[in-house]
Amino acid sequence: MARDFKLPDLGEGLTEAEIVRVLVAEGEEIKEDQAVLLVETEKAQVELPSPFGGRVATVHVQPGERVKVGAVLLSFADAGTGGRGAAPAPPAPARAAAPAPAVSAPAAPAAAPAPSLPPAATPATRRLARELGVELALVRGTGPGGRILDVDVRVAAGGGAATAAPAAASPAAVVRAAAPAPATPAAPAEAARPLAAPVSLPSLPRFEQWGPVEREPLRGIRRRSAEHLSVAWAAIPHVTQHDQADVTELETMRRRQQKREGGENADLTLTVFLVKAAAMVLRAHPRFNASLDHGTGELVVKRYYNIGVAVDTDQGLMVPVVRGVEGKGIRDLAAELTRLVARAREGKATIEDLRGGSFTVTNTGALGGTGATPIINYPEVAILGVGRARQTPVVRDGQIVPRLVLPLSLAFDHRVIDGMAAARFSTDLVGLLEAPERLFLEG
Amino acid sequence: MVMGELPREADLVVLGGGPGGYAAAFRAADLGLDTVLVEARGALGGECLHVGCIPSKALLGIAALVHHAAAAADAGVAFGPARIDSAKLRAWTQRSIDRLAQGLAGLAKARGVEVATGHGRFEGDGSIRVAREDAPPATLHFKHAIVATGSRPAPLPGLEVGPRVWDSSAALALPSTPARLLVVGGGYIGLELGSVYAALGAEVTVVELLDGLLPGVDRDLVAPLARRLGKQFKQILLGTKLTGMRDAGGAVTVDLSGDGAPNQLEVDQLLVAVGRRPLTDDLGLEHTRAARDARGFVTVDAQRRTADPRVLAIGDVAGEPMLAHKAIAEGLVAAEVAAGRPAAFEPLAVPAVVFTDPEVAWCGLTEADARARGVEARAVKVPWSASGRAVAMGRTDGLTKLVFEVASGRLLGVGLVGPHAGDLLAEGVLAVEMGAVAEDLAGAIHTHPTLSETLGEAAELFLGRPVHLPPPRG
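Those sequence lines, one after another, are chains A and B.
In this text, residue positions in the first sequence follow the numbering used here: the first is 1, and each later residue adds one.
In this text, residue positions in the second sequence follow the numbering used here: the first is 1, and each later residue adds one.
Worth flagging that the hints you see were computed from the coordinates, not collected in a lab.
Don't take each hint at face value.
[Unchecked claim] DEER-style ranges, computed between Cβ atoms:
hint : chain 1 : residue 1 : chain 2 : residue 2 : range
1    : B       : 215       : A       : 58        : 44 to 54 Å
2    : A       : 27        : B       : 125       : 49 to 59 Å
3    : B       : 407       : A       : 206       : 46 to 56 Å
4    : B       : 449       : A       : 123       : 29 to 39 Å
5    : B       : 295       : A       : 123       : 28 to 38 Å
6    : B       : 294       : A       : 352       : 43 to 53 Å
7    : A       : 21        : B       : 215       : 50 to 60 Å
8    : A       : 327       : B       : 472       : 55 to 65 Å
9    : B       : 88        : A       : 206       : 52 to 62 Å
10   : B       : 295       : A       : 206       : 36 to 46 Å
11   : B       : 109       : A       : 60        : 51 to 61 Å
12   : B       : 350       : A       : 211       : 46 to 56 Å
13   : B       : 346       : A       : 390       : 51 to 61 Å
14   : A       : 35        : B       : 373       : 35 to 45 Å
[What the hints assert, rightly or not] One side of the interface only, derived from the structure: several residues of chain A facing chain B at Cβ under 8 Å:
hint : residue
15   : 126
16   : 131
17   : 145
Backbone N, C-alpha and C define an ideal beta-carbon position, used for all residues, glycine too.
Start from the sequences and build out the full structure, keeping to the hints where you can.
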């Protein structure tokens, strides 16, 4: 039986992917669940397993191509009836599968299939969606009769779960390229798409008047980060609280343990301890483990402690999430973090690896620096930045002694958190890092 | 080099100063674009202002007055026959037009929109050349151009416009009131102008090729209009084709073929109103990459961009419905797109109104439209006999019809027929665009006693709890 394998719904606001590599050839017999394509979404590189086995008749895509959810990737001449083959990913709405309106000749209206109802949303909401680059057809409305409200669009644009029930209400919304302005005659052949910007920006001068320039389209993770960070920076009044922790004891203990049981599969890094410490302090300061729901005007305090860890990768910044940190011991955390970081660096992080965080730790210490003011990972409300631990002269009992001092920078959302609360959070965190045995008492 | 040959560089050139064109130019200027508006007529406003919507509404207002005066006799108030001074009526209409045209010129000036008077054509080198009557041609280089050249009355082969044959533009100039007028075409233009001339005293006959008036419009809405026009007009000949015409000096004899139609009819004047055609043939569009469909419409996407990245098209040239307010909305979108903004023309409800007596007005989807999209929809109808106001006006021939999606109760479309239906439609357009559900319409208080109550009543009817209609059975 001939069958098509279409780009499945990748979850969490992803509508398209770029083909990185085709792992099968036409004529090749493949098994159900065999990886057939490596694709890059705006969140991660993922291998796509085939939902059914059979002989590949046609490969419809090639590396570098961007495909929409629902686009046919492979055709099978005689596909077997695989277990999951009976129910492949739900078909994407026809609109998502249609090619983006480009500057090429638009299809004659008569040729288009009869569309179903356009999404119910007020003209003002539709304008907002266009400005934020959100495809309304893929947003689930929460208003009367399923009407899409501003808040639904904003949640979809943030790609995050700003509602009280993140998993259930997570919209399958997708950020599409905002309708590009008509290209000027001198525009490069490659379609660069405007970034969704939360504020209107003045146009750029012609840089060419001062010398030669090169233009490089932002893609994938870098593009997604740029948009995400713009939203975070524009929406959140950031304040950064700086502090220092004496981690001499922690470092001694860490090295000892690392030698004893650390290894390739469980790298006992300083970050592991920071993740654990953060989760413990968050339990005592729940407002730092929250999101502000614009739509309802509520603070959504999370009773789970999923700590994201910023990882520098070749494709850009990724934030894999360690889930349920409160219930895990240092050893398990080390193993899990080692696994997550490796997957991210190899471009194999799954969508699940990258979602559901409630607080983020970003450790730039490996590369030096005395401190940085990190940007909060919206819709979270705080982030811990960590600099490089250095041997520093410290006054103790009237004596100057060399101690290993770790600079900490806690950025917080001042709408949700007051400066005094941040100072207390920071003090508690320092206390925990300076008495590291306490980190082992939980989980 | 001759003066006037100096090329002018502009961010945006808009071809055509009708409602779509001037709206686009004004919005573009407000967004900071250096904008030139090219108009051949010598005054802004387009067909709509000069030979369309505005003069026809001025005259239809007078027609309504004549009808009201006559109808008052039933209530015991008699005025006697109307005496019409055509010259004075013409001048009165023209004053309205001039006033609005001057207003537009002032608005253009206030925004710094440069108006170039002349016929604009795309040239091979990516510029627009404006042929001017009293000056050498001007060359305009543009970053973007918006084609907004509108439409003209469609000709009928064999019936060339002349002293005996008017098109809508000629008829609106009110050259005379013929004793016997034959209107060819039962669409909205033919019926509106037929109504005007009937009120002015002409004996009006309408011939329509298809088997109903207002082809394409919901039959529930057309029926009350057809009944009333049957009294205003001498006769309405449906399914009838005009096969020939002989000008016999004193009168015109036309040959007809159709069931129930006489073979020949003697009239004094013909009015051809068989639709409008987009004006795209003399624009030099072949020098752009813009594509046209079989009917001559420029094909555009939601941003109103043509296949040429520098050229956008709006209004009548960009497709049906050919309505001024649709052109204005598209013009604003195109201007924003030219300014690099993420705009799109994606209305849920483009209102349409036939300004006859009674008026016919609709927007959004009909039940059949919804079905074609695979949507389960239900139409509810409230006859105006249930409206206190309609009864007090002596006009119970109206009907309010709402189409709801069954599952969500979302309002998908509105149809109205009756006096002031065009004004009543506004609530429906807003409700459809807002994604209102029946409960929203029912829960909004409608003024008593007004015709707008029928909209609230229809929503209540959909919800199974009407007040001014018998209770639902079962």
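Which earlier hints turn out false for this structure, listed by number in ascending order? none
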